[in-house]
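Peer 1: Listed below are the residues making up each chain.
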Amino acid sequence: MSQPQSNRLPDGHNSDVKLRNVFQIEIDETIVEVYPGQTIAAVLLACGKRIFNYAPDGTPRSYVCGIGRCFNCLVTVNDEAGIRACKTFVQPGMKILTGLQEMM
Amino acid sequence: MITKTTSLAILGAGPAGLSAAVEAAKLGVDTVVLDLHARAGGHYFNIPPKELQPAQPSSVLNEGYALIDQARMAGVEIWTGVEVWGIYPESPFRICLSGGEHEEIQAQTIIIATGAIERSWPFPGWTLPGVMTAGGALSLLKNQNIRPGRKVLVSGTGPLQLALASELVDRDVEVAAVLELKTWKHISNSWRAAVSTAATYPRLWEGLGYLRTLKKKKIPYRMGWSVIRALGDNEVTGAIIARVDAAGNPDLSTQQTVDVDCINLGYGLIPETQFTRLLECKHQLHPYLHVWTPVRDEWLQTSHPGVFAAGDAAGVFGKRAAVLEGKIAGFGAALQLKRLNEAMAAQLSRRARKQITSEYAFARLLHKTFSVPEDPCILASPDTLICRCECIQYAQILEAIRDGATSVQAVKYHSRAGMGLCRGIYCGPMISRLIALHGDIDLQQASRSDVRPPIFPVTLEEALHHEGLP
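Chains A and B, in that order, are what the protein sequence lines are.
Going by our numbering, 3 is the number at position 3 of the first sequence; the sequence numbering is gapless.
Count along the second sequence from 1, then add 1000; that gives the number in our numbering.
Read the hints as simulated data drawn from the structure, not as lab findings.
Heads up, the beta-carbon is just placed ideally off N, CA and C, and yes, glycines get one too.
No incorrect hints appear here.
30 angstroms max Cα-Cα, derived DSS-like pairs, lysine-lysine: (1) A:Lys87 with B:Lys1151; (2) B:Lys1142 with B:Lys1319; (3) B:Lys1182 with B:Lys1217; (4) B:Lys1142 with B:Lys1216; (5) B:Lys1185 with B:Lys1319; (6) B:Lys1185 with B:Lys1217; (7) B:Lys1151 with B:Lys1216; (8) B:Lys1151 with B:Lys1215; (9) A:Lys95 with B:Lys1050; (10) B:Lys1050 with B:Lys1026; (11) B:Lys1004 with A:Lys87; (12) B:Lys1185 with B:Lys1368; (13) B:Lys1368 with B:Lys1182; (14) B:Lys1026 with B:Lys1004; (15) B:Lys1215 with B:Lys1368; (16) A:Lys87 with B:Lys1142; (17) B:Lys1319 with B:Lys1368; (18) B:Lys1319 with A:Lys87; (19) B:Lys1050 with A:Lys87; (20) B:Lys1354 with B:Lys1026; (21) B:Lys1142 with A:Lys95.
Just so you have them, the derived chain B footprint on chain A, three or more residues with Cβ under 8 angstroms: (22) 42–50; (23) 53–59.
Using the sequences and the accompanying hints, generate a full structural model.
Peer 2: In structure tokens form, the structure reads like this:
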């Protein structure tokens, strides 16, 4: 059962991008169908998953600057911690974990 | 260690960097442009990934594609997905890289065109998931085709707010309200003085167009208002907004709660000067942005010979100015490399120099009109985080200042603010102004903050490799 990207704006809505080549990744052990060219941050937000990690003081953090400079959007990808979700593209078979303490 | 040698290395493949590359390459300078993102073009063009490229690109996108093509055809190498974590000021410069094939690039001259970042404007709840920058929201919308939230509050100052609101509305994303910090009185007084600036009119027209869109959709546009608190335990579930005075103080008698799950903050762009500070270039205070900008000569060369700075990285003058500055810096670098003489360089740059004066004038007008209050933490509570990376609260920063810290560097030692992953680029500008305000120190001195490599996290292996260790 895969999680829908409900915050994804419909194809063709003010954009004539037709998407192909859907593949699967895992987000917190749930299968999600994604498209090439999507960033991890975009997919997480599209699925309504806004808590990307917890900061050292325990406060939840998410996507903020979108340009890879603020380091708030960190997630764990394929067992590697501290990955900026806003500038990392999804790849087939990727395993993403959110809600961890990423900033050390 | 895999290295490459070039005559000119340009940091940043945005309008300034690419324009500089084109001019330098046309004069026979071997040029490599480095960019941390996967696609060239920078944040202005916001080029989407290949797979999400629209069949009918906008005119802005087409302009971006054209500039990138122009650079490639001139023989420029563009390395994307590459991050610079250090620059050793040797001869040639040694630029340390992460993420690409090469670990180092050696260059005789450097043009820094790394752009701007959004100004932080802290208030209680501003770190909650759902609070993001206007630029971040625009990127999600245009580049990734994702709704930033179910219902959005847009709060900040300046024309970018309207552009964002317009993009949200165009894609049927619900906008609760658009809040502009400055009052109509302030803005109209400022613009009246600028009636003679030719660059004003097309922009004014554009702005009015956006306002018409908002009015049609019945979206409230309030002037002299701001978000003052984000509500929610773990994510944004609402916001409190209020009228604010010229100093940014909220009038709590006007406060209202709005039902939103997303807050887009646009309090202006500030130049990101990590690289020019890393190279210990001389900086001066920007008259309206309250931040340091590198001192440059007529070729946009900094006080460090061989290092040039162009575009938003040196002062946020907008895209048109960035393109023109890029050209001038490109000629400057070529001149430095003796690929042409002074007379030739002067002739080639004449047109750009003429055109740029009106761009500078318009940028000054925007900065003056949409300036932010002097106290960057006017909306913050004692426990509001200022350094988001190390989780340092406003009260702790004030304590450091009270205990005698008179520079950003000193506050860093006292409180750890600025020691986190972002290297203090977001909290630094706020801290320097707090020092100037509370410590009665002049802002020029208060802004002192040393930058040392690595300026972005690299593995120990990468760092050691650079020192020639296995």
